[in-house]
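J.: Here's the letter readout for the chains.
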Amino acid sequence: MRESADTIDAAAAEWVVRIDRRLTESERAVLEEWLSADPRRTGALARAQAGWVYMDRSQVYRAAGELRESRTARRWRVARPWASAAAILVAVATALWAWQGYSRTHFATARGEIRQLNLADGTHVTLDTLSRVSVRYGSATRLVSLEAGEALFEVAKDPGRPFIVQAGNVRVRAVGTAFVVDRRSDASVDVIVTHGTVDVWREASSPEPAVRVAAHKRLVTTPVQAARLAELTAAELSGAVAWENGVIDLNGRTIGEAAAEFNRYNARTIVIRDPALASQTVVGQFQATDPVSFVTAAAAMLDAHVRTEGDRLILEPGLTVQK
Amino acid sequence: MPAISTARAQWLAIHIMPLEPQLRRWLKRAAPHALEADDLIQEAYAKLASLTTVSNITHPKAYLYQTVKHLILDHIRRSKLVCIEAMAEISQSTVLEEGLTPERILSGRQELERLYRAIARLPAACRSVFLMRKFDDMPQKAIAAQLRVSENTVEKHMVRALRMLLEDLKTTEKDFDIRAGRDQIADQASRDA
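Chains as they are written, first to last, in this note's numbering: chain R, 1 to 323; chain S, 1 to 193.
Worth double-checking, as some hints may not be accurate.
Partner residues aside, some chain S positions facing chain R, computed with beta carbon under 8 Å [what the hints assert, rightly or not]:
| hint | residue |
| --- | --- |
| 1 | M17 |
| 2 | L19 |
| 3 | D38 |
| 4 | D74 |
| 5 | P139 |
| 6 | L147 |
For the record, the hints were derived by calculation from the structure and aren't laboratory data.
Beta carbons: idealized from backbone N, C-alpha and C, even for Gly.
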């Protein structure tokens, strides 16, 4: 009778816990023998060990103290909407930051990487693909320089120390709020405010008055033109910060724009030479690191097909079936 | 650590574990009934654990699905009654299939929320021991001393906590219903075709 997956999983969990407290020599030999009998056992052990590591992520709850309290609490409230968990996030951030080591001030993401930084004061920074920030916290100000790319800032309240983001000569100041700063390739800087308000101004020879940007608004600042303020609908706002979850939101964007967005994240690039095809608009949410799904879905929708050429996914009109 | 390196365990934790729920759903739909998802997933982890390097894997999801597909084909080939239909079905079902529908992935925060709830569901004694080990970073021996129980008892609680949490990682609670509905629609469409 073949051993069931469940039995193997049970034994694998036991081994992981034994490995955690260090194996004796004889146990080591028993483990070797156990593993050699069935490849599924190696797989189950690998999975259990991965799970063990995965659960380190729950470390972040350490500072929240919530689970700690629950050790004595009789009843456990399961549902906990994240909207009301800002306090936990602040505490969580502190714990995470403690992990990262105190000396680090420069952070960067590779192509396709989305990274969350948790700063000393409880501020939460999410870096989008190919982005770079440097952090300088002083006693009077909290200064973050966005050197490239795009970042979402969820700023912890500290009235005594304003939080200022530099993006080129553009400055964004917040006290306790959440906003996105996006340094675009055309040298303009987008500021999108999700919560609270921020002040935006340009550092120039002649000082400019700051523009106040409230929640649900986007401010586009270019090097030359006056800043433009626009109201965002709820859908536009969630689309603008969808990348935080590794999702590309294609609400009414053209296929061409969508392809450019995917290409920011992936080594496999989408190429669309046909302008008629590129100008079609699409709706949907896709995983940022999965351009293949996107072009395949786009091809199916637009009676087009996908041709692969090395690292390039070429979307072409016509239903030519390619295997 | 024997069996796999910590680095490999981390890689699996980051790139593979989060894909498990959707992989299981795909297997339920695409794999022949005689093959158990749990078996195939153990075999897939074994393959990924035994690779000399994973640094060349740029698309872990595609790699995982490809690996599982090969495993299924091997099983079909080895079984005495080769079912041509099943073989063709699996060969044709591309890795893309799962990705065709726009999907929401779990954000870091949702992932943490899920773990948080899973830990909350643990029996009290298991949870205490788990928290002491994982959050306070206490060795098992020290936990036993503090709780005045045997090391064996601590080990048992740890095993139970780990097993329950690993079980939780098999499914997502959130978008399950939506996904199941969509899968039915996809099945219907493929039958109609």
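J.: Could you check if S:L147 really has its C-beta closer than 8 Å to a C-beta on chain R?
T.: violated (12 Å)
J.: For the hint on S:D38, does the least C-beta distance to chain R fall short of 8 Å?
T.: holds (3 Å)
J.: Would you check whether S:M17 satisfies its interface hint, that is, whether its CB is within less than 8 Å of any CB in chain R?
T.: This interface hint holds because 5 Å falls under the 8 Å limit.
J.: Taking the closest Cβ pair, is S:L19 under 8 Å from chain R?
T.: Not OK, violated: S:L19 not within 8 Å of chain R, min 11 Å.
J.: Using Cβ atoms only, decide whether S:P139 comes closer than 8 Å to chain R, and label the hint accordingly.
T.: holds (7 Å)
J.: Would you check whether S:D74 satisfies its interface hint, that is, whether its CB is within less than 8 Å of any CB in chain R?
T.: Not OK, violated: S:D74 not within 8 Å of chain R, min 12 Å.
Going through the hint list in order, the structure does not satisfy hints 2, 4 and 6.
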